[in-house]
Amino acid sequence: MKRPLLLTGTASGVIACAFVLLNSLPGCRPSGTTKSVVTGDAASKVYVKPGTHDEFYNLVSGGFSGQLAVYGLPSGRLLREVPVFSVDPETGYGYSEETKGMLTTSHGFIPWDDSHHPELSQTDGIPDGKWCFINGNNTPRIALIDLGTFRTNSIIEIPNSAGNHSSPFTTGNSEYVVAGTRFSVPMGDDASRDVPIKTYKENFKGNVSFIHPEPETGKMSIAFQVITPGMNFDLSHTGKGVSEGWFFFSCYNTEQAYSLLEVNASQRDKDFIMAVNWKLAEQLAKDGKGKRVPGKHHSNWWNEKTHSSETTVYEDVLQLDPKDHPGLVYFMPCPKSPHGCDVDPTGKYIVGSGKLAALIPVFSFEKIQKAIAGNEVEGDFAGIPVLKYESVLHGEVKKPGLGPLHTEFDANGNAYTSFFVSSEIVKWNVEKLEVVDRVPTYYSIGHLCVPGGDSKKPWGKYVIAYNKITKDRYLPTGPELTQSAQLYSIDGDKMELLLDFPTTGEPHYAQAIPAELVKPREVKFFKIEENEHPFAAKGEKDTKIERRGKEVHVWMTTIRSHFAPDNIEGVKLGDEVYFHITNLEQDWDVPHGFAIKGAANAELLLMPGETQTLKWVPTRVGVTPMYCTDFCSALHQEMQGYVRVSPANSNVPLTALTVSVDAEL
Amino acid sequence: MKPISRIMIAVAALSLLVLLFVPIWRIDLQAPQYPEGLYLQIFADRFAGDVEKINGLNHYIGMGHIHDDMFPEFAVLPKLLMALAALGVLAALWGKRWALFMGLVTLSLFGLWALWDMYRWGYEYGHNLDPRAAIKVEDMTYQPPLIGHKQLLNFDAWSTPDIGGWVLFGVMALLIGVYIMEIRFNPHK
Numbered sequence: 001m002k003r004p005l006l007l008t009g010t011a012s013g014v015i016a017c018a019f020v021l022l023n024s025l026p027g028c029r030p031s032g033t034t035k036s037v038v039t040g041d042a043a044s045k046v047y048v049k050p051g052t053h054d055e056f057y058n059l060v061s062g063g064f065s066g067q068l069a070v071y072g073l074p075s076g077r078l079l080r081e082v083p084v085f086s087v088d089p090e091t092g093y094g095y096s097e098e099t100k101g102m103l104t105t106s107h108g109f110i111p112w113d114d115s116h117h118p119e120l121s122q123t124d125g126i127p128d129g130k131w132c133f134i135n136g137n138n139t140p141r142i143a144l145i146d147l148g149t150f151r152t153n154s155i156i157e158i159p160n161s162a163g164n165h166s167s168p169f170t171t172g173n174s175e176y177v178v179a180g181t182r183f184s185v186p187m188g189d190d191a192s193r194d195v196p197i198k199t200y201k202e203n204f205k206g207n208v209s210f211i212h213p214e215p216e217t218g219k220m221s222i223a224f225q226v227i228t229p230g231m232n233f234d235l236s237h238t239g240k241g242v243s244e245g246w247f248f249f250s251c252y253n254t255e256q257a258y259s260l261l262e263v264n265a266s267q268r269d270k271d272f273i274m275a276v277n278w279k280l281a282e283q284l285a286k287d288g289k290g291k292r293v294p295g296k297h298h299s300n301w302w303n304e305k306t307h308s309s310e311t312t313v314y315e316d317v318l319q320l321d322p323k324d325h326p327g328l329v330y331f332m333p334c335p336k337s338p339h340g341c342d343v344d345p346t347g348k349y350i351v352g353s354g355k356l357a358a359l360i361p362v363f364s365f366e367k368i369q370k371a372i373a374g375n376e377v378e379g380d381f382a383g384i385p386v387l388k389y390e391s392v393l394h395g396e397v398k399k400p401g402l403g404p405l406h407t408e409f410d411a412n413g414n415a416y417t418s419f420f421v422s423s424e425i426v427k428w429n430v431e432k433l434e435v436v437d438r439v440p441t442y443y444s445i446g447h448l449c450v451p452g453g454d455s456k457k458p459w460g461k462y463v464i465a466y467n468k469i470t471k472d473r474y475l476p477t478g479p480e481l482t483q484s485a486q487l488y489s490i491d492g493d494k495m496e497l498l499l500d501f502p503t504t505g506e507p508h509y510a511q512a513i514p515a516e517l518v519k520p521r522e523v524k525f526f527k528i529e530e531n532e533h534p535f536a537a538k539g540e541k542d543t544k545i546e547r548r549g550k551e552v553h554v555w556m557t558t559i560r561s562h563f564a565p566d567n568i569e570g571v572k573l574g575d576e577v578y579f580h581i582t583n584l585e586q587d588w589d590v591p592h593g594f595a596i597k598g599a600a601n602a603e604l605l606l607m608p609g610e611t612q613t614l615k616w617v618p619t620r621v622g623v624t625p626m627y628c629t630d631f632c633s634a635l636h637q638e639m640q641g642y643v644r645v646s647p648a649n650s651n652v653p654l655t656a657l658t659v660s661v662d663a664e665l
Numbered sequence: 001m002k003p004i005s006r007i008m009i010a011v012a013a014l015s016l017l018v019l020l021f022v023p024i025w026r027i028d029l030q031a032p033q034y035p036e037g038l039y040l041q042i043f044a045d046r047f048a049g050d051v052e053k054i055n056g057l058n059h060y061i062g063m064g065h066i067h068d069d070m071f072p073e074f075a076v077l078p079k080l081l082m083a084l085a086a087l088g089v090l091a092a093l094w095g096k097r098w099a100l101f102m103g104l105v106t107l108s109l110f111g112l113w114a115l116w117d118m119y120r121w122g123y124e125y126g127h128n129l130d131p132r133a134a135i136k137v138e139d140m141t142y143q144p145p146l147i148g149h150k151q152l153l154n155f156d157a158w159s160t161p162d163i164g165g166w167v168l169f170g171v172m173a174l175l176i177g178v179y180i181m182e183i184r185f186n187p188h189k
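Each protein sequence line maps, in turn, to chains A and B.
Quick note: the first sequence uses our numbering, first residue 1, plus one each step.
Quick note: the second sequence uses our numbering, first residue 1, plus one each step.
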């Protein structure tokens, strides 16, 4: 009803202008962007008094930054950016000798990625605040972030995958996180992979991986992969409650196009949502029904005791082919290239969001089971049964908006769907399939997030929009503008815009969790007596220097406010110097930094009790300064030292000292 | 003395043994950048609490490094407490009023000595500053309060009895109470 009114309004306006010939008459021209009207008490709803904490943690993907950003809600304050897939010279992540291993893959050292979807670990289908998973889209990887330290605990590479987009969604007790490949590719040995691109239909295969994180350590390994016909996977979600044991994946490009997908992959009326019986897959894998196929991949894990990464290299992976195992995989037709694939808190309904569709299909798990039992199929896709659309459909939400992308839920039977094209959030009733409310977003929302909104227990209270475009919403900063999120209250009948807040990188998906579930886990510092780093100096008496051929190793310590040793001599041009630095502090919030002039890699930021190593290759003769980069105390500016570098043929003895005033006298 | 008095004296004496296991005194420190506060507890035989953190801070102003070995008191105090408890039990067994009186005097002397000893160490630590200290404030000394509150640069310091201290006061109050009762209600010894 709104649109025709608007049109008639505009049309009569144009006519009025023509007659009156007054350009300045207000109302004759579009007045520019419609700014949202924020009601009077919105500010008080997002105001978090100085010195008090936010109610929720909001874990937001960094997109092309490759990292994970942490905000507080409702204030929208940025708390931290956790280095995950991209190197971080500020902390030394990816540069220190210990952390380099976290970013190794079968392609070598990959210092960046494109991170899309954070997902909290769950217990009984409810986020538990223990871990946060996030996918690396480009060089297919999944990372596990420990929420006790807000550090990357492990990263696993996904073999036979190309574009790890449909990831890393978890089962109800985080038995598995999944990784569905965006691109299908040829698999196997070199000869089977070197094929013409136009043989897509015959040679290209998709797959979804089920990755198991060890509950104690967080170490990840691939339990099995389910291979599929060639097509693209977009998103996924686990079944829960009644649908526990199943996993749902949205698929597009069932046209099996390999060029100009924009057009060629948008031809069919319907693509698919793929339903996988993962309990059955687990059993098949256990019974040895799968086949080990080539698929070299790395699994990197951070050992908190040695403060170092450990890498395991796997040569192959276990695969299950649904053609050999009836009942493992079914397809359900879903309109127009579905993106979101979301399961409501009861697990009864699966919502597909066809990003080119003008309706939202809702599938019923009960009907899916009936259709499977009654063999209500409309055919098969490369040998896998396709269930009848009408048989599995609970119903369609008619004319909700344009371009539905993603849906989350509250605890009262409502769904919130983002619409990219019509730039809005639409609230609708899942059971009745009726639109209840809608609000505009500024502009072009991608994903959205309700705290706990993809789990069995939505905490509700807010829906947050993660937008793709900001245009005029903030102070301009040249051609590249800030990215942004918007916070809406969903407590009342009407959604209410409370706050815009800028974000780092590009915010794709996000998760939010009550702070009280995370705060008690926080590690304040690493216990020095538990430090098992092979080069740790657990006190100043353990500091030393040692030459091993061209390598010079320095066991160094930091404590407010000095390095020990801080006078090093006997280093020669052509040497590689390894500074193994242990921060001896044993109190919260007392990191020390380490920086040396001309370091071609990075600086180090050392948490209390931690040991990290910076490699430094001197390039010239002379005395080089080093200093602490973290303002550690009133005497921080005094925290410095010197390294003397002599010519390659010199005889200066190797020494490492701290010299006190008394010794000088 | 009445049997009830003798039982009370025995209870009081044995209560002194509690001091072997619980902190006797504590010093609390608070500053803007230490919202969670720092504390130091004095047990009969050792320090506990944020000793290393406090040492770390003290080195800026040139105060000595505190560690257990420097205090001969920690070797003596447990034995002294056990001796006092034994004397108390003996007094209870003996049942003479003058023994109770002597016990009170001894305990008071012990308390006074402990306070004086704490004051002496506090004075020593607060005044005997390293001349090479990084931070020197003219006329500033850092003797902690013997009891109560004192401002020391950016820190507020509080010195108060901990569980053991309160037990000690309780024991003294109990003995005084018994003594008064004896004089009032039992004039014939």
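It is worth saying that the hints were derived from the structure and are not from the lab.
Among the hints, a few may not be true.
Claimed, not checked - Here are the simulated distance ranges between beta carbons:
{"hint": "1", "chain 1": "A", "residue 1": "R80", "chain 2": "B", "residue 2": "H127", "range": "17 to 23 angstroms"}
{"hint": "2", "chain 1": "A", "residue 1": "A411", "chain 2": "B", "residue 2": "I135", "range": "22 to 28 angstroms"}
{"hint": "3", "chain 1": "A", "residue 1": "K524", "chain 2": "B", "residue 2": "G95", "range": "55 to 61 angstroms"}
{"hint": "4", "chain 1": "B", "residue 1": "L153", "chain 2": "A", "residue 2": "D542", "range": "31 to 37 angstroms"}
{"hint": "5", "chain 1": "A", "residue 1": "L573", "chain 2": "B", "residue 2": "N154", "range": "44 to 50 angstroms"}
{"hint": "6", "chain 1": "A", "residue 1": "K541", "chain 2": "B", "residue 2": "H127", "range": "29 to 35 angstroms"}
{"hint": "7", "chain 1": "B", "residue 1": "A134", "chain 2": "A", "residue 2": "A515", "range": "35 to 41 angstroms"}
{"hint": "8", "chain 1": "B", "residue 1": "I163", "chain 2": "A", "residue 2": "E530", "range": "55 to 61 angstroms"}
{"hint": "9", "chain 1": "A", "residue 1": "K524", "chain 2": "B", "residue 2": "H127", "range": "32 to 38 angstroms"}
{"hint": "10", "chain 1": "A", "residue 1": "E214", "chain 2": "B", "residue 2": "D69", "range": "28 to 34 angstroms"}
Every residue gets a Cβ at the ideal spot worked out from N, C-alpha and C, and that includes glycine.
The hints, checked one at a time:
no.	hint	verdict
1	R80(A) with H127(B): 17 to 23 angstroms	45 angstroms, violated
2	A411(A) with I135(B): 22 to 28 angstroms	56 angstroms, violated
3	K524(A) with G95(B): 55 to 61 angstroms	56 angstroms, holds
4	L153(B) with D542(A): 31 to 37 angstroms	33 angstroms, holds
5	L573(A) with N154(B): 44 to 50 angstroms	47 angstroms, holds
6	K541(A) with H127(B): 29 to 35 angstroms	30 angstroms, holds
7	A134(B) with A515(A): 35 to 41 angstroms	39 angstroms, holds
8	I163(B) with E530(A): 55 to 61 angstroms	31 angstroms, violated
9	K524(A) with H127(B): 32 to 38 angstroms	34 angstroms, holds
10	E214(A) with D69(B): 28 to 34 angstroms	45 angstroms, violated
Hint compliance for this structure: hints 1, 2, 8 and 10 are broken, all remaining hints hold.
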